[in-house]
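Those protein sequences? They're chains A and B, same order as listed.
When we follow my numbering, the leftmost residue of the first sequence carries the number 1185, and every step to the right adds one.
When we follow my numbering, the leftmost residue of the second sequence carries the number 2, and every step to the right adds one.
Check each hint, because a few of them may be wrong.
[Unchecked claim] Simulated coverage check for chain A against chain B, where a stretch passes if three residues somewhere in it have a Cβ under 8 Å from a Cβ of chain B:
#1 1214-1220
#2 1257-1266
#3 1277-1290
#4 1331-1337
#5 1412-1418
#6 1427-1437
#7 1460-1467
[Said to hold, decoys possible] The following residues of chain A were derived to be distant from chain B, with all beta-carbon distances above 12 Å:
#8 R1310
#9 I1388
#10 D1409
#11 A1476
Honestly, the hints are just simulated from the structure, not real lab data.
Here a beta-carbon is modelled for each residue, glycine too, at the ideal position from N, C-alpha and C.
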Amino acid sequence: MSIARTNRLTPYLFLAPAGLVLLFALFYPICYMIYASFLDWNPSQRIGEADFVGIRNYTKLFSDPAFRESMWVTLKFAAVVVTLEMIIGVGLALLLDRNIRGMSVLRTLFILPMMIAPIVVGLMWRYMYHPTVGIFNKTLKSWGFDPIPWLSDGNWAFASVIIADVWQWTPFIFILSLAALQSLPSSAIEASKIDGATGWQQIIYIKLPLMLPVLIVTLLLRLIDSFKVLEVVLVMTNGGPGLSTEIMSLRINRTASEFRELGEAAAMSNLLLIVLLILTFTMFIYNKAQDARAARLRAVEEEA
Amino acid sequence: MSTKTYDRQNPAFYALLIALVVMAIGPIYLMLVTSLKLNVHIMSDSSSLLFMPTLRNYETALCDFLWYEPEHLRRCDPTFGRALANSLIIGLISTAITLIIGTMAAYALVRFRFMGRDVVSVWTLMMRMVPPAVLLVPVFGIWTFQFGIDGSRGGIILVYVALNLPFVIWILQSFIVQVPIQLEEAARMDGAGPFQVFFLVVLPLIKPGIAAASIFTFRVAWNEFLLANALADRNSRTVPVTIVNSLTEFDIDWGVIMATGMLLAIPPIIFTFVASRQIITGMTAGAVKG
């Protein structure tokens, strides 16, 4: 009897520590944040002393041009970055999917930019973009061109931040799509070859459609992550000049620590979280649908 | 495998490969070179490839740990040394805790059938998507006013454990599923309790998964800036926080800051070279099935 009881309790014993930590240090803070977004709260107050202001934080946010600008910058950043990275990453994967020596070394070198600290990535790019000692302007100067105001002009700063992010994260897409390419059924590709398909036709009609499920998941993963980017931009431009590179997570940080408006920052975090939840759910549902489709296909095959 | 036999590659193909490698590691190489230069050389107009490498910037950053006194330093600034110690302690302890409780939870989720298992899985997946920026306000509020652990290393460790757990549980699940259940049943027949089965049979078999999970966990704790910045006080600052703090000054000492950046980048670079296979497995798991 006692053995049976321990057996029934075991899963809960195994789960308990992780469950407690997640409950107190992740779940509770998120609920707390949702509540705090309805408060007028500054960092020197306890939460009990803050006034309840209903949805004022949200209405204030949407009438705040700086917030709308930051929202626009975030969306623009995510869209541009993910598009560029998908095109370059998938293109490189299609190009490098060959039986060459040193492929594993190449992949190792490619994941380096993702592994080192975002702070350090920002630091390296800030140094390279430096108006006088940076390598880009030094090179331009030695070739006789005018220096470019990489980080001091709004449009250039936005482009510079995008270049840095593309450098850091294209390898992620490259590695995932290469893995997808290498797990494609070789029979389909061979069949198309026998039918006389050219390289381009193979890519467009065979490889890309077969890779599509992986590509969509990759795209969603990268999209979710692009809303999380913070440190690289913080080090390079700190959101400036003006608001040209102030993405949402930076704005949350500034609202909380500089403007000391915790309620407003919580409201902003909430909106960001909603966007991410929608994306996550899309991914989840897409995965489920894929699994269901695969199961149905298998069933049909068995019947036949 | 006929698709894999190619003729000799085009020279342009190799040129492209070399260009890609240069682009991928060029910035890192540039940081290394800069960290070995004196400021006079960094600031000079000619981008000379020839210079005498010097360890002076590293001496400045690490002066706390040196057994001799670097003669170019008038006063030793212990900030960075202290931050390095903090980063190491926080990174190692939070990784250890996350892995221990993470493997246990993943094991329970895979092996035991009990109510709420699906719910737990979905929640873990959703929690993975929470960015640190979203946790900034509540963690600051709760840690300061309710738990009273702001400004301590313990507080930072707790956030990192919570932040990493969902990913660790999720990735370890995929490894534990592959452990043949017959092995566990055999051990149970021989009279092993559930904890013995877990620690003596399952754990040794999922070592690769644990390696991948610990690299990812340590990397997050080692690299994270935002929450550490909000929670740390003068004595518990980590390396990323000190780097950003020294950047806000107008006159940046590029040599020293690149040396600190390099020191921060070295552990992840070593992991990458030692365990790139596991890292790629961790990255592709979930997106690419089979």
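Practice task
Examine the stretch 1412-1418 of chain A: at least three residues should have C-beta closer than 8 Å to a C-beta of chain B.
Solution key: holds (count 4)
Exercise for the section: Take a quick look at R1310/A and tell me if its Cβ sits farther than 12 Å from every Cβ on chain B, holds or violated. Expected result: 8 Å, violated
Handout entry: Outside-interface status for D1409/A - nearest CB in chain B farther than 12 Å
Key = Violated, because the least Cβ-Cβ distance between D1409/A and chain B comes to about 9 Å, which does not exceed 12 Å.
Handout entry: Coverage claim, chain B over the stretch 1460-1467 of chain A, checked by counting residues with Cβ within 8 Å (three needed)
Key = n = 4 at 8 Å, threshold three: holds.
Practice task
Go check the stretch 1331-1337 of chain A versus chain B for me, would you? Three or more residues, Cβ under 8 Å, otherwise it fails.
Solution key: As far as the stretch 1331-1337 of chain A goes, the hint is violated, because 0 residues have Cβ atoms under 8 Å from chain B.
Problem - Nearest-CB test (12 Å) between chain B and A1476/A - result: 14 Å, holds
Practice task
Confirm or reject the coverage of the stretch 1214-1220 of chain A by chain B under the rule of 3 or more residues with a beta carbon closer than 8 Å to the chain's beta carbons.
Solution key: holds (count 4)
Practice task
Between the stretch 1277-1290 of chain A and chain B, see if three or more residues pass the 8 Å beta-carbon test, and mark the coverage as holds or violated.
Solution key: holds (count 7)
Practice task
Establish whether the coverage given for the stretch 1427-1437 of chain A by chain B is satisfied; the threshold is a Cβ-Cβ distance below 8 Å, and no fewer than three residues must meet it.
Solution key: holds (count 4)
Practice task
Between the stretch 1257-1266 of chain A and chain B, see if three or more residues pass the 8 Å beta-carbon test, and mark the coverage as holds or violated.
Solution key: As far as the stretch 1257-1266 of chain A goes, the hint is violated, because 0 residues have Cβ atoms under 8 Å from chain B.
Problem - Status of the stated non-contact between I1388/A and chain B (beta carbon gap over 12 Å) - result: It holds; I1388/A is separated from chain B by about 17 Å at its closest Cβ, greater than 12 Å.
The structure does not agree with the numbered hints 2, 4, 8 and 10 stated previously, though it agrees with the rest.
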